[in-house]
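Generate coordinates for the entire structure from the input sequences, incorporating the hints supplied.
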Amino acid sequence: SQQGEEDPQALSIQEGENATMNCSYKTSINNLQWYRQNSGRGLVHLILIRSNEREKHSGRLRVTLDTSKKSSSLLITASRAADTASYFCAMTTSGTYKYIFGTGTRLKVLA
Amino acid sequence: GAGVSQTPSNKVTEKGKYVELRCDPISGHTALYWYRQSLGQGPEFLIYFQGTGAADDSGLPNDRFFAVRPEGSVSTLKIQRTERGDSAVYLCASSLTWPTGELFFGEGSRLTVL
Chain E
1 SQQGEEDPQA LSIQEGENAT MNCSYKTSIN NLQWYRQNSG RGLVHLILIR
51 SNEREKHSGR LRVTLDTSKK SSSLLITASR AADTASYFCA MTTSGTYKYI
101 FGTGTRLKVL A
Chain V
1 GAGVSQTPSN KVTEKGKYVE LRCDPISGHT ALYWYRQSLG QGPEFLIYFQ
51 GTGAADDSGL PNDRFFAVRP EGSVSTLKIQ RTERGDSAVY LCASSLTWPT
101 GELFFGEGSR LTVL
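Chains as they are written, first to last, in this note's numbering: chain E, 1 to 111; chain V, 1 to 114.
One should not assume that every hint holds.
Reference excerpt, derived from the structure (chain V facing chain E, CB under 8 Å, subset only) [said to hold, decoys possible]:
(1) 38
(2) 42
(3) 43
Partner residues aside, some chain V positions facing chain E, computed with beta carbon under 10 Å [to be verified]:
(4) 3
(5) 45
(6) 106
Label-pair ranges, simulated between beta-carbon atoms [claimed, not checked]:
(7) V:58 with E:51: 20 to 26 Å
(8) V:15 with E:67: 42 to 48 Å
(9) E:51 with V:41: 35 to 41 Å
(10) V:85 with E:108: 27 to 33 Å
(11) V:16 with E:50: 45 to 51 Å
(12) E:59 with V:16: 46 to 52 Å
(13) V:38 with E:50: 43 to 49 Å
(14) E:40 with V:64: 23 to 29 Å
(15) E:9 with V:80: 30 to 36 Å
(16) V:17 with E:16: 48 to 54 Å
(17) E:51 with V:56: 15 to 21 Å
(18) V:8 with E:16: 25 to 31 Å
Just so you know, these hints were derived from the structure itself, not from any lab.
Backbone N, C-alpha and C define an ideal beta-carbon position, used for all residues, glycine too.
Written out as structure tokens, the structure reads:
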């Protein structure tokens, strides 16, 4: 079973616009990570946020974490066509060290 | 090697056959994970190793699935009596900073069971 539910399932935007995707989860977490997957390829790590952090930035990426709402969001600013991919959240829960992935958001950035 | 290597990249087999999928992690990475991904879905956890031992195999769907990592490096996922429902991409990932580090994924092994 999957711990994380992401929305939207699919998102289509114009180049230059911002893209926001959300991840909700069910139980307490240790940390949460975001990954990108280009079609037919492996996953690439984007950013990690720990349970005691609220916001992190990396280049054009901004991640927030709200443990009271059990949710995280990934914001990609000034999107580019090369950002077209599927994005997944992944988390470890208290007492385990296995990463459980969300259902993913398919982002399409139109040039 | 420079990254996580998985072989074969594609495997087509017949129902009932035995299959082995190999993962060669990044040198020095002690944690190794296996996931299964179906089309349009997120990766589904199968098993992870810390060193040579299976630290958590709770994701293996049934006893037809087995994985080993005898020397704490290369791992092999073994599937007996394959079924059509086993068709998926099998992903391997390794991590240096266990248990909270980033996962480095291979390109996956696409298994098709006819």
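Supplied distance hint 46 to 52 Å, evaluated on CB atoms of residue 59 of chain E and residue 16 of chain V: With a Cβ separation near 49 Å, residue 59 of chain E and residue 16 of chain V satisfy 46 to 52 Å, so the hint holds.
Cut-off 8 Å, beta-carbon criterion: hint that residue 43 of chain V touches chain E: At 5 Å from the nearest chain E Cβ, residue 43 of chain V passes the 8 Å test, so the hint holds.
Distance restraint evaluation - residue 38 of chain V, residue 50 of chain E, Cβ atoms, bounds 43 to 49 Å: 30 Å, violated
Residue 51 of chain E paired with residue 41 of chain V, Cβ distance criterion 35 to 41 Å: Taking Cβ atoms as reference, residue 51 of chain E and residue 41 of chain V lie about 26 Å apart, which means the hint is violated.
Residue 106 of chain V as chain E interface residue, shortest Cβ-Cβ below 10 Å: Holds - the Cβ of residue 106 of chain V comes within 10 Å of chain E, reaching about 6 Å at its closest.
Restraint check, 8 Å cut-off on beta carbons, for residue 38 of chain V near chain E: 11 Å, violated
Cβ distance range 20 to 26 Å for residue 58 of chain V and residue 51 of chain E, holds or violated: This hint holds: roughly 22 Å between Cβ atoms.
Range hint 48 to 54 Å (beta carbons of residue 17 of chain V and residue 16 of chain E) holds or violated: Since the Cβ atoms of residue 17 of chain V and residue 16 of chain E sit about 50 Å apart, the hinted range of 48 to 54 Å holds.
Consistency of beta-carbon spacing, residue 108 of chain E to residue 85 of chain V, with hint 27 to 33 Å: For residue 108 of chain E against residue 85 of chain V, whose Cβ atoms are near 30 Å apart, the range 27 to 33 Å holds.
45 to 51 Å as the expected CB spacing between residue 50 of chain E and residue 16 of chain V, which holds or is violated: 46 Å, holds
Interface hint for residue 45 of chain V, Cβ within 10 Å of any Cβ on chain E: 5 Å, holds
Interface hint status, residue 3 of chain V versus chain E (Cβ within 10 Å): 9 Å, holds
Of the numbered hints stated above, those contradicted by the structure are hints 1, 9, 13, 18, listed in ascending order.
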